[in-house]
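Asker: Chains A and B supply the protein sequences, listed in that same order. Take 1 as the starting number for the first sequence in full-length UniProt numbering and just add one per residue. Take 1 as the starting number for the second sequence in full-length UniProt numbering and just add one per residue.
FYI, nobody ran anything at the bench for these hints, they're computed from the structure. Just so we're clear, the structure is a prediction, and the values are computed from it rather than from any experiment. For each residue, glycine too, the CB sits at the ideal point set by N, CA and C. The reader is advised that the hints may include incorrect statements.
[Stated by the list, open to error] With a Cα cut of at most 20 angstroms, we get these calculated EDC-like pairs of lysine to aspartate or glutamate: (1) B/7 with B/106; (2) B/7 with B/117; (3) A/7 with B/106; (4) B/7 with B/26; (5) B/7 with A/117; (6) B/7 with B/33.
[Said to hold, decoys possible] With beta-carbon atoms standing in for the labels, derived distance ranges: (7) A/14 with B/10: 33 to 43 angstroms; (8) B/14 with A/47: 18 to 28 angstroms; (9) A/92 with B/34: 25 to 35 angstroms; (10) A/21 with B/108: 26 to 36 angstroms; (11) B/68 with A/10: 24 to 34 angstroms; (12) A/5 with B/69: 13 to 23 angstroms.
Here's the letter readout for the chains.
There are 2 protein chains.
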Amino acid sequence: MAASTEKIREVVESYIALVATGTAVEIADLYAEDATVEDPVGTEVRRGRESILEFYRGLEGMEARTSLGVVRIAGGEAVFHFELVTTVGEQSYTVAPIDHMVFDEDGRITAMRAFWDPTTDMSVS
Amino acid sequence: MAASTEKIREVVESYIALVATGTAVEIADLYAEDATVEDPVGTEVRRGRESILEFYRGLEGMEARTSLGVVRIAGGEAVFHFELVTTVGEQSYTVAPIDHMVFDEDGRITAMRAFWDPTTDMSVS
């Protein structure tokens, strides 16, 4: 049985909050074992906790904020638009993907794919 | 080789325009042979031109307008938010999905999945 829409929405909101202020471990805890991450879509697919931890460690300790846009949930899957703004010194980097997530019956993420293009969906200010 | 970002964007824009004012044949022409359509996600997957034509015939002759929101294109795939407003008599029905499309190297759609929930992402006014 698919996770409920409410549970999935909760996980998406936790994810967006943790990407801004959480640790890599906290984010990885939202994922199922052997989950996959493809970010951005078209690049190598990461699989499993170690690889996912490594991916999110890049965000740890950065000054970051996130905001969630349109979210759609159907059939135990979610797609959602969000913005991640990281600040390094006086520069702000904004990435604005649409993510696709698949969930297991307990609401853990089994697959995440982030749709964005570094040449058009990222800006510096 | 994946279709170019420009080609994919063009097909997405054609799709959104044709959903409002095109015929089922014109829309089906954007699809590859043996393409699949899952709309909304979680319902039965349609496969092939006849089934896709049948799906879009439901829109033919309706008074409809569409608007395209955020579009993200990566790795030969696209996700995009849009609104479809159909008017029947004095009632307007708004559906606001996020669609995911996969394209072949010629830019034809090989798979479309529409993420929306009839209980939350559709409104009547």
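Asker: Now, for every hint given, state plainly whether the structure supports it.
Answerer: Verification of the supplied hints:
1. This hinted pair checks out: residue 7 of chain B and residue 106 of chain B have alpha carbons roughly 8 angstroms apart, not beyond 20 angstroms.
2. Between residue 7 of chain B and residue 117 of chain B the alpha-carbon distance is near 29 angstroms, which puts this suggested pair outside the 20 angstroms criterion.
3. A distance of roughly 39 angstroms separates the Cα atoms of residue 7 of chain A and residue 106 of chain B; the hinted pair therefore is violated under the 20 angstroms criterion.
4. The suggested pairing of residue 7 of chain B with residue 26 of chain B holds, with an alpha-carbon distance near 17 angstroms, which does not exceed 20 angstroms.
5. For the hint linking residue 7 of chain B to residue 117 of chain A, the alpha-carbon distance of about 15 angstroms falls within 20 angstroms, and the restraint holds.
6. For a cut-off of 20 angstroms, the pair hint linking residue 7 of chain B to residue 33 of chain B stands: about 18 angstroms separates their Cα positions.
7. In this structure the hint that residue 14 of chain A and residue 10 of chain B lie 33 to 43 angstroms apart at CB holds, the actual value being about 37 angstroms.
8. Between residue 14 of chain B and residue 47 of chain A the Cβ separation comes to about 36 angstroms, which falls outside the hinted range of 18 to 28 angstroms.
9. For residue 92 of chain A and residue 34 of chain B, the Cβ-Cβ distance of about 45 angstroms falls outside the hinted range of 25 to 35 angstroms, so the restraint is violated.
10. A hinted range of 26 to 36 angstroms is violated for the C-beta pair residue 21 of chain A and residue 108 of chain B, which are about 43 angstroms apart.
11. For the pair residue 68 of chain B and residue 10 of chain A, the beta carbons lie near 29 angstroms from each other, so the given range of 24 to 34 angstroms is met.
12. In this structure the hint that residue 5 of chain A and residue 69 of chain B lie 13 to 23 angstroms apart at CB holds, the actual value being about 21 angstroms.
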